[in-house]
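With chain R's structure known, arrange chain B on it following the hints.
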Amino acid sequence: MAETRPVVSEPVEAWITGIGLASSLGEGPDAHWEALNAKRVNVDETAFAPYVVHPLSPLNYDTQIPKKGDQRQMEAWQRIGTYAAGLALDSAGVKGNKDILSKMDMIVAAGGGERDLNVDSSILNSEAHGNATPSYLNEKLLNDLRPTLFLAQLSNLLAGNIAIVHGVTGSSRTFMGEEAAGVDAVRIALARIAAGQSDIALVGAGHNGERKDMLLLYEFNNFNLRDKYASVWDRKTNSGFALGSGGAFLVIESKAHAEARGAKPFARLKTVVADRARRKNGGEVTAVLDKLWSEVGARDQDTAIITGATGAEPATSEELSFLKKHAGVPVRATGSSFGHFVESQFPLGIGLAALSLSRGALYAPNDSTGLEIEMSKAPSQIVVIGAGHWRGEGMALVEAI
Amino acid sequence: MSATRDKFGRPVVVVTGMGVATSLGAGKVDNWKKLTAGESGIRTITRFPIEGMKTTIAGAVDFLNVDPFSSTDLSEKLGEIVAEEAIAQAGIGTKGDFPGPLFLAVAPVEVEWPQRQALAQAAGTNADINYDTLLRVAGSGSFTAYHRRFLFGSVADSLADTFGTKGSPISLSTACASGATAIQLGVEAIRRGEADAALCVGTDGSVNPEALIRFSLLSALSTNNDTPAKASRPFAKNREGFVMAEGAGALVLESLEAATARGAKILGVVAGCGELSDSFHRTRSSPDGKPIIGCVKNGLIDAGMTVDQIDYINAHGTGTPENDKMEYLGISTVFGERAKTVPVSSNKSMLGHTLSAAGAVEAVFSLLTLEHQRIPPTINYDVPDPAIPFDVVPNTARDARVTAVMSNSFGFGGQNVSLILTGEPV
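From first to last, the protein sequence lines are chains R and B. Numbers given in the working numbering equal positions in the first sequence, counted from 1, plus 859. Numbers given in the working numbering equal positions in the second sequence, counted from 1, plus 107.
Here chain R stands alone, though its shape is the one from the complex (with noise of 0.2 Å):
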C-alpha cells in the first residue's frame, strides 16, 4: 500500500542495478560482452530477401516463462519482451521477492504484436480474385483469427505479462512511438526516481525484428536495409537499417533502496533528456544533438558515445555532423552489432554503457570505416544518444560508480 511521497529537496541519486539481454548475439551480459569484443555480426540477408535482419538467438523460454500456457499466450514480441524483463530481475537480484516487486514500477515501450499473416493474405487473395462479399472481411476475420491473438497484439500487454509471469505490480506504463518511446520509458523512469515518486522501476522494450508486417512499414519509405550487411556508418548508397530481433530491459533503482538491500550498482543513471526537431529543414537533428549534449552535462575526456544511430537518412548524416565536433569521443553503433531495435535500441544502449562501465572498458568497436576508434582507458561516463529514424532524439549520461 502506498503513502504519500514527501517532496525531495535534491534530486535522488539513481543507480542501474539490473541489465536484461537478448538478442541475436545471445542472453545475458557474458554473452554480449564477448560476442562484441569479438566483433561478431550475425545476421541474415536470406531468410527474409531482400530485407536484412540481425535473427534472436535461440533462448530457452523455460527458464523465464515457466508455464508453457502463458508462453502459448505470447507472440515472438511478448515472449522476448518478458524473457528480457525476467533476465533484468534476475540481475538485480529482486526476482521472486515479493515485497519489492509488489512495488516495483514499470515503464514498458511497446510498439505491437504480430499479425497473422496467413489470415490476411487469404483474404487478400480472395478480394483481389473476385470471390469476395462486401461482408468477406467480417466473416473471415470472425473464422479466422485465434480468439486470443489480439491478447498478444496489443501494446500494454507486455507490460501485462511481465506482470503476471514476474509478478511486477506496482505501476505500469506502456509508451509506444518507436524509438522515442524506449528513450521517453527510461527518462520517465529516472524523472520519478529523481523526484522522489518512485523507489525502483522495471524499464525497457522487446523486438521482433522478424516480421514481414514491421518490415512492410518501413518499407513504404524505403527504410529497410537491403541485400547486404553493413556498419551503420557504412551505409550512404545503401542507406537504411537491418531490423534486429532482441529484448533489454533495467532495473533502475534509487541508490538508498539498493543499500538497503545490499544492492550493488553498474552504474549510475545520471540524466536523460529528450526532445523532438521538426525535421523540416536540413540540420535541425544536428542542432537537437548539440543541444542535448549540454543539457545531460557531457564533457569530452574520459567519455564515449554509444549510439542508436538507425543508417536511416538524412538523420544518420545528420548524427554523424554531431559527432565530428566530438571526433575524440569514441563511439559504438549498436544498430551495427544488433540491428535496429526500435523501442528497445535506447534500454539496450543504456544496458551497454551501463555494462561497460561496470567492466571498466568500452567494448571494441566495429566499423569498416574507421569512425569508431579504440577505447585504451577506462570511460568515466558513457553518453546514450537515441535519435529516432523519423522523429525524436534522445540523450542519457551514464556515469562510473
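There's no promise every hint is true.
[Stated by the list, open to error] Okay, derived cross-link-like pairs now, PhoX-like style, lysine-lysine, Cα gap no bigger than 20 Å in a straight line:
(1) R:LYS1129 - R:LYS1095
(2) R:LYS1123 - R:LYS954
(3) B:LYS404 - R:LYS962
(4) R:LYS962 - B:LYS344
(5) R:LYS957 - B:LYS397
(6) B:LYS404 - R:LYS999
(7) R:LYS1150 - B:LYS273
(8) R:LYS1183 - R:LYS1150
(9) B:LYS404 - B:LYS141
(10) B:LYS114 - B:LYS404
(11) B:LYS344 - B:LYS432
(12) R:LYS1139 - B:LYS273
(13) R:LYS1095 - R:LYS1183
(14) R:LYS926 - R:LYS962
[Said to hold, decoys possible] Estimated spans, in silico, between C-beta atoms of each pair:
(15) R:SER1227 - B:THR201: 46 to 54 Å
(16) R:PRO870 - B:GLU364: 16 to 24 Å
(17) B:THR232 - R:ILE1232: 51 to 59 Å
(18) R:ARG1005 - B:GLY370: 27 to 35 Å
[Claimed, not checked] Every beta carbon over 10 Å from chain B, so not counted as near; a handful from chain R, in silico:
(19) PRO888
(20) ASP1086
(21) ARG1137
(22) ARG1158
(23) LEU1179
(24) SER1235
It should be emphasised that the hints constitute simulated quantities derived from the structure, not laboratory data. Glycine included, every Cβ here is placed at the ideal spot set by N, Cα and C.
For chain B alone, coordinates are given in the frame of chain R:
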C-alpha cells in the same frame, strides 16, 4: 485560494481548460446537455458492412469529415478538436505554442484494412498475394504516406506540430485506463516541477471491422443489436457486455501557482491519482479485488482524502458482467457502508466504452459534474442487480452538492487508475 502547494508539499495541479467529443457531439456544451438528459449516442454501425457480425452497434463518431479515412486519422482529428477546445478555454500560450509537454493516450496504431487492400489492388489481379507481394508494392514509392501515418508516434507527432507542445511527446497505452494515465503523467510532471503546464489528451477512433471483431472474439461486447440505445447497461442485472465507442477528451493542467499568476480561471483540481496493476489474468481482474481495492485506496491516499469526502464516483462501469461486479467489490471494500449511498454512475451507459479515450472523457464529465452540481445518470437501469446495491443515479440526472469526484478506469491487462477531482484545492 491560499497555498499553492498541497499538504504534502507538492504543487497543486489545476485544470484550466477542457475539451470533449463523443458520439453525442463535439464540445462540452452539446455533450453535457445530452449526457444529463440521458441521451445515448449508440447506434447501428453505418461505416462499414455489418453482415456476419455478432455485434453491429457502437458509439461511433460519424459527424467529422476525415479524408482520407483511417481509424488513425479519425483518432488524430478527434484529438485535435478536443485539444483546441481545451487550449482555447485555458487561454494559455499562443496559437501553435503550448508551454508544456503532451501526454497522449491513443489506441495502438497499425496499418489498416483499406490500406492493405489498396496495396493488394496495386499488385494486380494476376498476382498471388502474400506479404512478399505487399512488400514489393510497398517499396515502389507510391505509398510513402503510409509510413508516417502508421507509425505508433504519428498522432502525437501531428498534435505536437499543430499545438506546439514542448519536448518529446509521449504516446501511451494502459488499455482502458489510458486516458486517466495520460492525466496522471501530466500531474506527475507538474508536481516534479518539470513543467508549469501539460496538455493531456485521450483519443480513440477505432470502430473498424477488425477492432470490433477482436473484442467480439473475446465475448466482451453486448450483442443487443436490436435496441442500440439500450444495449449498454452498467450495473444492471441484465447487462451482458460493453459497447465499443469513439471519442476524445483533453485537459490543460497547470500548477495552481502558474495558473493564478496569469489570471486563469480554475475549473477544478486534480487532487490525487492512484494506480495499481493486477497480475491475475490478461483480461480478468483478480477475484479477491485486491488490485482494484489498492488502486482506489492509492487514489485517496495520494489526494490526502478519506472516503467520506467523496461525493460522487464516476465509475469505470463498462456493463460487462465481470467488471461491474469487481467494481462493486472494490468500492464496497474501501467505502464500507457508504458504498450503498454514495452516488455511482457510469457515463458508458450513454456513450459506450471510448477505450483509450475513456479516462480522459470521463475526467471531463467529472469536472463538469463539479461545475454544474449535477450528476449524470446511469441509463438503461431497469433491472437492478441485488449483488450490486449501488445508488447508480438511475435513468435521470440528479442535482447534488458535489465537492469531490472519484473517477475510475480499470484496464485489460490489469492496469488500474483512480483520479480524485475536486472543485477547490483540498
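Inset, instruction - Grab the minimum beta-carbon distance between PRO888 (chain R) and chain B and tell me whether it stays above 10 Å. - result: At about 27 Å from chain B, PRO888 (chain R) clears the 10 Å cut-off, so the statement holds.
Inset, instruction - Please work out if LYS344 (chain B) and LYS432 (chain B) have their alpha carbons no farther apart than 20 Å. - result: With Cα atoms ~10 Å apart, LYS344 (chain B) and LYS432 (chain B) stay inside 20 Å; holds.
Inset, instruction - Examine each Cβ of chain B, and state whether all of them lie more than 10 Å from the Cβ of LEU1179 (chain R). - result: Correct as stated: the minimum Cβ-Cβ distance to chain B is 22 Å, above 10 Å.
Legend entry - 20 Å Cα cutoff - pair LYS404 (chain B), LYS962 (chain R): Distance ~14 Å between LYS404 (chain B) and LYS962 (chain R) Cα, so the pair holds.
Inset, instruction - Indicate whether the distance between the beta carbons of SER1227 (chain R) and THR201 (chain B) respects the range 46 to 54 Å. - result: Roughly 49 Å apart at Cβ, these two residues keep to the hinted range, so it holds.
Legend entry - LYS404 (chain B) paired with LYS999 (chain R) [C-alpha distance capped at 20 Å]: 45 Å, violated
Inset, instruction - Given the hint that LYS404 (chain B) pairs with LYS141 (chain B), test it: the Cα-Cα distance must not exceed 20 Å. - result: Not satisfied, since the Cα-Cα distance of roughly 32 Å exceeds 20 Å.
Legend entry - Restraint status (C-alpha distance of LYS114 (chain B) to LYS404 (chain B) at most 20 Å): 18 Å, holds
Inset, instruction - Determine whether the non-interface label on SER1235 (chain R) survives the test: each CB of chain B must be over 10 Å from its CB. - result: Given that every Cβ of chain B is farther than 10 Å from that of SER1235 (chain R), nearest at about 35 Å, it holds.
Inset, instruction - Take a quick look at whether LYS1139 (chain R) and LYS273 (chain B) sit within 20 Å of each other, Cα to Cα. - result: Satisfied, since the Cα-Cα distance of roughly 16 Å is no more than 20 Å.
Inset, instruction - Given the hint of 51 to 59 Å, check if THR232 (chain B) and ILE1232 (chain R) actually sit that far apart at their C-beta atoms. - result: About 56 Å separates the Cβ atoms of THR232 (chain B) and ILE1232 (chain R), which means 51 to 59 Å holds.
Inset, instruction - Take a quick look at whether LYS926 (chain R) and LYS962 (chain R) sit within 20 Å of each other, Cα to Cα. - result: Given pair LYS926 (chain R), LYS962 (chain R) is violated - Cα atoms ~24 Å apart, limit 20 Å.
Checked against the numbered hints given earlier, this structure breaks hints 1, 4, 6, 9, 14, 18, 21; the rest are met.
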